[in-house]
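So you can see what is in the structure, the chains are spelled out below.
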Amino acid sequence: MGSQGGFGQSKEFLDLVKSIGESRSKAEEDRIVLREIETLRRRITEPDIPKRKMKEYIIRLVYIEMLGHDASFGYIHAVKMTHDDSLLLKRTGYLAVTLFLNEDHDLIILIVNTIQKDLKSDNFLVVCAALNAVCKLINDETIPAVLQQVVELLYHPKEAVRKKAVMALHRFYQRSPSSVTHLVTNFRKKLCDNDPGVMGATLCPLFDLIMIDVNSHKDLVGSFVSILKQVAERRLPKSYDYHQTPAPFIQIKLLKILALLGSGDKQSSEQMYTIIGDIMRRSDTTSNIGNAILYECICCVSSIHPSPKLFGAAADAIAKLLKSDVHNLRYMGIDALGRLIRINPEVAEQHQLAVIDCLEDPDDTLKRKTFELLYKMTKSSNVEVIVDRMIEYMISINDNHYKTEIASRCVELAEQFAPSNRWFIQTMNKVFQHAGDLVNPKVAHNLMRLIAEGFGEDDDTADSQLRSSAVESYLRIMGEPKLPSTFLQVICWVLGEYGTADGKYSASYIGGKLCDVAEAHSSDDTVKAYAVTALMKVCSYEKAAGRKLDMLSECQSLIESLSASHSTDLQQRAYELKAIISLDGIAMENIMPLDASCEDIEVIDKSLSFLNSYVQKSLEEGAKPYLTEHERSRTRNISNFRNHDHHDASTHSLRFEAYEVPKPVISARLPPTASLTELAAVREQSYQREVHRSPSVGSLSDKGSQELRLRLDGVQKKWGRPTYSSAASPSTSDSESHTVNGTGKGKSFEPSSRRQPEVEIPEEKQKLAASLFGGTTSKSEKKQSGGGIKGSKATRSTADQTRATTAVVHPPVDLLDFGEPSGAASGSSSTVDPFKQLEGLVDTNQYSNVSKDPDLLSLYSDAASTSGQNQNQETGNLSHGSGNRTTKGPNLKDALGKDALVRQMGVTPATQNPNLFKDLLG
Amino acid sequence: MIHFVLLISRQGKVRLTKWYSPYSQKERSKVIRELSGMILTRGPKLSNFVEWRGFKVVYKRYASLYFCMCINQEDNELEILEIIHHFVEILDRYFGSVCELDLIFNFHKAYYILDEILIAGELQESSKKTVARLVSAQDSLVDAAKEEANSISNIIAQATK
Chain A
1 MGSQGGFGQS KEFLDLVKSI GESRSKAEED RIVLREIETL RRRITEPDIP
51 KRKMKEYIIR LVYIEMLGHD ASFGYIHAVK MTHDDSLLLK RTGYLAVTLF
101 LNEDHDLIIL IVNTIQKDLK SDNFLVVCAA LNAVCKLIND ETIPAVLQQV
151 VELLYHPKEA VRKKAVMALH RFYQRSPSSV THLVTNFRKK LCDNDPGVMG
201 ATLCPLFDLI MIDVNSHKDL VGSFVSILKQ VAERRLPKSY DYHQTPAPFI
251 QIKLLKILAL LGSGDKQSSE QMYTIIGDIM RRSDTTSNIG NAILYECICC
301 VSSIHPSPKL FGAAADAIAK LLKSDVHNLR YMGIDALGRL IRINPEVAEQ
351 HQLAVIDCLE DPDDTLKRKT FELLYKMTKS SNVEVIVDRM IEYMISINDN
401 HYKTEIASRC VELAEQFAPS NRWFIQTMNK VFQHAGDLVN PKVAHNLMRL
451 IAEGFGEDDD TADSQLRSSA VESYLRIMGE PKLPSTFLQV ICWVLGEYGT
501 ADGKYSASYI GGKLCDVAEA HSSDDTVKAY AVTALMKVCS YEKAAGRKLD
551 MLSECQSLIE SLSASHSTDL QQRAYELKAI ISLDGIAMEN IMPLDASCED
601 IEVIDKSLSF LNSYVQKSLE EGAKPYLTEH ERSRTRNISN FRNHDHHDAS
651 THSLRFEAYE VPKPVISARL PPTASLTELA AVREQSYQRE VHRSPSVGSL
701 SDKGSQELRL RLDGVQKKWG RPTYSSAASP STSDSESHTV NGTGKGKSFE
751 PSSRRQPEVE IPEEKQKLAA SLFGGTTSKS EKKQSGGGIK GSKATRSTAD
801 QTRATTAVVH PPVDLLDFGE PSGAASGSSS TVDPFKQLEG LVDTNQYSNV
851 SKDPDLLSLY SDAASTSGQN QNQETGNLSH GSGNRTTKGP NLKDALGKDA
901 LVRQMGVTPA TQNPNLFKDL LG
Chain B
1 MIHFVLLISR QGKVRLTKWY SPYSQKERSK VIRELSGMIL TRGPKLSNFV
51 EWRGFKVVYK RYASLYFCMC INQEDNELEI LEIIHHFVEI LDRYFGSVCE
101 LDLIFNFHKA YYILDEILIA GELQESSKKT VARLVSAQDS LVDAAKEEAN
151 SISNIIAQAT K
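Line order of the protein sequences matches chains A and B.
Note that UniProt numbering gives residue 669 to position 669 of the first sequence, counting from 1, and the numbers run on in steps of one.
Note that UniProt numbering gives residue 161 to position 161 of the second sequence, counting from 1, and the numbers run on in steps of one.
Don't read these hints as lab results, they were simulated from the structure.
Errors might be hidden in some of the hints.
Unchecked claim - Label pairs and their computed distance ranges (CB to CB):
| # | chain 1 | residue 1 | chain 2 | residue 2 | range |
| --- | --- | --- | --- | --- | --- |
| 1 | B | SER29 | A | GLY479 | 52 to 62 Å |
| 2 | A | ASN344 | B | SER29 | 24 to 34 Å |
| 3 | A | GLU233 | B | LYS30 | 12 to 22 Å |
| 4 | B | GLU34 | A | ALA579 | 50 to 60 Å |
| 5 | A | HIS401 | B | SER140 | 20 to 30 Å |
| 6 | B | GLU34 | A | ARG35 | 46 to 56 Å |
| 7 | A | ASN344 | B | PRO22 | 39 to 49 Å |
| 8 | B | SER29 | A | GLU560 | 43 to 53 Å |
| 9 | A | ASP15 | B | GLU34 | 50 to 60 Å |
| 10 | A | SER179 | B | LYS30 | 30 to 40 Å |
Predicted model, so just to flag it, every value in this text is computed and none were measured.
By construction, the Cβ of each residue, glycine as well, lies at the ideal position given by its N, Cα and C atoms.
Please build the complete structure, drawing on both the sequences and the hints.
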């Protein structure tokens with residue numbers, strides 16, 4: 001069947017396709033297309049173009065548009081073509097308009113009429129073509145114009161029409177739900193359509209409807225279950241089988257619907273248990289489609305009211321997926337695990353090794369999926385490990401979209417689970433440093449507020465230690481280049497408030513640093529403003545404390561330059577600073593009280609009662625009464641303006657109560673009598689040590705990690721970060737830790753003995769993974785050279801692979817851009833014009849498997865001689881040997897036929913270009 | 001829901017595009033550029049899925065052609081992978097062991113076939129036989145109208161005109 005008969009287009013068009021195929025650069029391709037656009041623009045407006053010719057022009061327009069150029073000048077002709085009576089032309093017209101026009105295009109209004117007419121046609125193919133266009137083109141406004149007709153078509157005798165009508169209504173529902181909701185009964189009726197295709201199509205709108213409103217469809221549970229049962233028992237026609245699986249796409253859709261219906265509904269869920277269990281048992285785990293169904297079952301099981309039996313089956317299925325060495329399946333396994341842990345987090349435990357493997361995998365997609373899983377299972381006990389990992393990964397990627405996402409996840413987890421404020425600040429520093437421009441500015445305000453408010457308890461020592469350690473870390477970080485603006489603002493603010501608070505740093509030192517920041521970021525007014533204000537604070541604290549203030553010369557010059565700034569805000573700040581410095585200490589203390597950022601602002605007497613007598617007096621003297629609340633509120637806002645910053649901070653929401661601290665852990669290390677302050681002091685010390693280390697993530701010292709581990713153990717720790725246990729692990733022998741692995745799964749450890757082995761497992765795992773997958777890792781890092789693919793269906797031979805790499809080196813020159821030079825011909829021919837080669841075909845193309853002669857008969861005989869041996873190889877061995885110069889898929893004759901045809905038409909695919917003829921299905 | 005279907009050759013040339021969600025011409029070019037950069041450079045043996053701008057792109061390579069479909073986060077990737085295969089099998093049946101050249105010159109036919117398989121971004125027909133029957137019904141009507149030049153001689157005559 002089909003259209004092997006020919007390509008049906010003119011030589012001109014074939015040449016166009018050919019020359020575009022030949023082009024070596026995007027620029028060249030663009031030139032060719034632009035020339036074609038000019039030609040078409042001229043031709044298409046000529047009078048009396050034969051319809052056949054017009055059809056081809058339209059197809060050429062589609063081609064241009066497909067290549068990313070604008071063919072809008074021809075849209076109207078495509079619209080006109082939909083009016084044609086001939087189905088062939090009409091079909092082309094509809095195809096073109098559905099490809100050209102988005103749903104809001106002005107021309108659509110011109111098509112609606114035609115569509116209306118065509119929906120009434122007695123030729124069902126015309127109706128189908130119109131319905132295809134309906135799905136793409138009809139928008140909110142035009143739905144009423146066709147809705148009635150489409151509904152009637154639900155009962156058309158041809159199933160193809162019914163099916164498309166259902167899909168069209170589904171599309172209407174997506175566009176404008178209200179237009180279709182009254183038709184729900186129709187969908188229900190269509191569920192019983194005797195054509196499985198129509199029934200399958202009906203599942204799409206029903207899925208959407210159920211998603212919005214589960215309760216009104218609960219009565220359908222029984223029907224869905226029985227349909228699913230029939231499908232699974234192969235009651236549908238054989239033609240719906242896909243790779244021996246009965247109608248898998250319908251099964252998947254049904255499972256999705258059941259997942260919605262059973263969610264949080266015990267009674268409905270119980271009706272489903274048997275069939276889901278059946279399907280899981282039956283599913284063929286060796287095929288992709290079988291696993292697709294299995295995955296959908298797991299999703300369904302995790303969504304409906306839990307059944308222990310199904311849960312067990314799902315856990316087993318996940319174990320199988322995770323053990324697979326196919327990346328796709330492991331990916332699905334991780335995703336499925338993420339769903340199942342919502343019901344019972346303990347499932348994850350037995351898979352920790354597999355998960356660590358996926359985290360270490362070179363495949364970025366798998367890694368991200370694993371991070372998503374980790375994100376879902378984060379608790380206060382493992383937050384440090386997970387966030388550390390995330391930040392490490394965040395630093396390593398360039399994709400801003402994902403960077404933003406992972407940064408916000410880090411912030412979210414840190415805010416929710418941070419074991420200590422210090423850790424929180426450190427983590428935030430890292431996030432800001434590496435993704436500062438991508439995080440929400442709210443986060444910066446939260447960080448400032450946290451530093452200002454401290455632990456929220458009456459523990460001033462701890463608070464001030466926290467602050468001074470923050471100051472110290474900022475002083476260290478701020479010298480680094482390319483810090484994001486938001487982060488610099490935080491730094492400036494903190495330095496201004498607390499830079500001199502502990503007396504460790506002199507005011508002039510801090511002032512100098514602040515000047516440096518302002519100068520280094522001279523284009524960023526906000527940072528400069530923060531810096532100047534910070535400078536002002538530092539100066540006034542100094543003076544208020546009675547010390548003599550010497551302004552550094554650089555500060556002086558900075559202030560001078562800012563006084564003349566174009567930004568009025570900066571100017572004002574600079575003048576204020578000058579004015580305040582000249583005041584005496586007591587005044588200063590009043591203006592800039594020390595550490596007052598958290599003080600409540602005095603509530604202003606809103607009724608201004610103290611003015612009552614004055615107002616009274618004025619009124620008596622004939623003054624106009626002061627009215628309008630609107631106006632009054634405006635003035636009040638102005639009066640509050642100076643305090644704006646404080647208000648601003650309070651509008652952002654963050655959990656400010658104390659973070660969850662895993663208490664037993666701390667007491668395990670410290671003597672039970674340790675007071676809170678001592679505790680803080682101990683932590684402080686260790687923190688100081690850490691602080692001196694380099695800020696790069698992941699290089700936490702042993703001491704630091706001990707400190708971290710301290711808080712982790714005792715709590716059930718599931719996801720140890722391998723590097724944390726660096727001190728202990730290298731000494732353990734492989735065999736020893738293998739047994740540890742084995743027992744680790746049994747979760748029979750007592751809490752006290754838990755610590756060592758628990759931490760070790762991942763470390764060992766990592767080693768294991770490295771030794772197991774190390775080879776592949778390095779290979780794939782080197783990137784795709786060599787190595788055949790195992791894919792059983794696609795014909796990806798090793799030869800193909802090697803050609804792939806060579807193709808990268810030599811830009812393809814042959815005809816239709818598939819020019820991987822094959823075998824020995826590559827060196828010489830890659831630079832030769834394929835058309836010239838063509839002319840001298842017979843002598844140049846010695847490696848050709850394809851005919852050199854337009855004569856079909858000789859073609860076959862010729863081919864038989866050149867490729868006979870290849871054919872033998874192919875039949876015996878699906879994956880071709882690396883030395884094999886086979887240039888064809890298995891279906892040689894077909895390919896040769898096509899080749900001959902193409903040649904006859906004057907289009908000459910180069911012989912070094914075997915892939916063009918390669919069967920897509922091997 | 002499938003947002004778009006792309007067929008890209010290994011050299012990054014576009015063979016077929018079908019957009020089920022609205023994208024401007026500018027966005028389309030950007031999408032194609034971004035995705036071909038991501039997908040064509042992926043090594044073998046890795047998973048067939050890529051996360052992209054909050055969506056997922058499922059791709060599969062057949063000979064030198066990459067079939068890509070963009071789907072929502074919550075969709076079943078393995079299912080999409082099989083929808084791609086379903087499409088390729090139908091193409092294969094229609095063209096008789098399909099190769100890339102068929103799609104290059106007959107891209108509009110590939111569109112017709114795709115329109116019978118996917119509609120509005122959803123799978124509309126999962127029976128190969130039904131699709132084949134519909135497409136050939138359309139073709140035979142076309143033949144009856146004698147619009148299509150079927151024989152080689154016709155083409156040659158036209159080409160040399």
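Just pull the numbers of the violated hints for me, sorted ascending. Result: hints 1, 2, 3, 5, 6 and 9 break, sorted rising.
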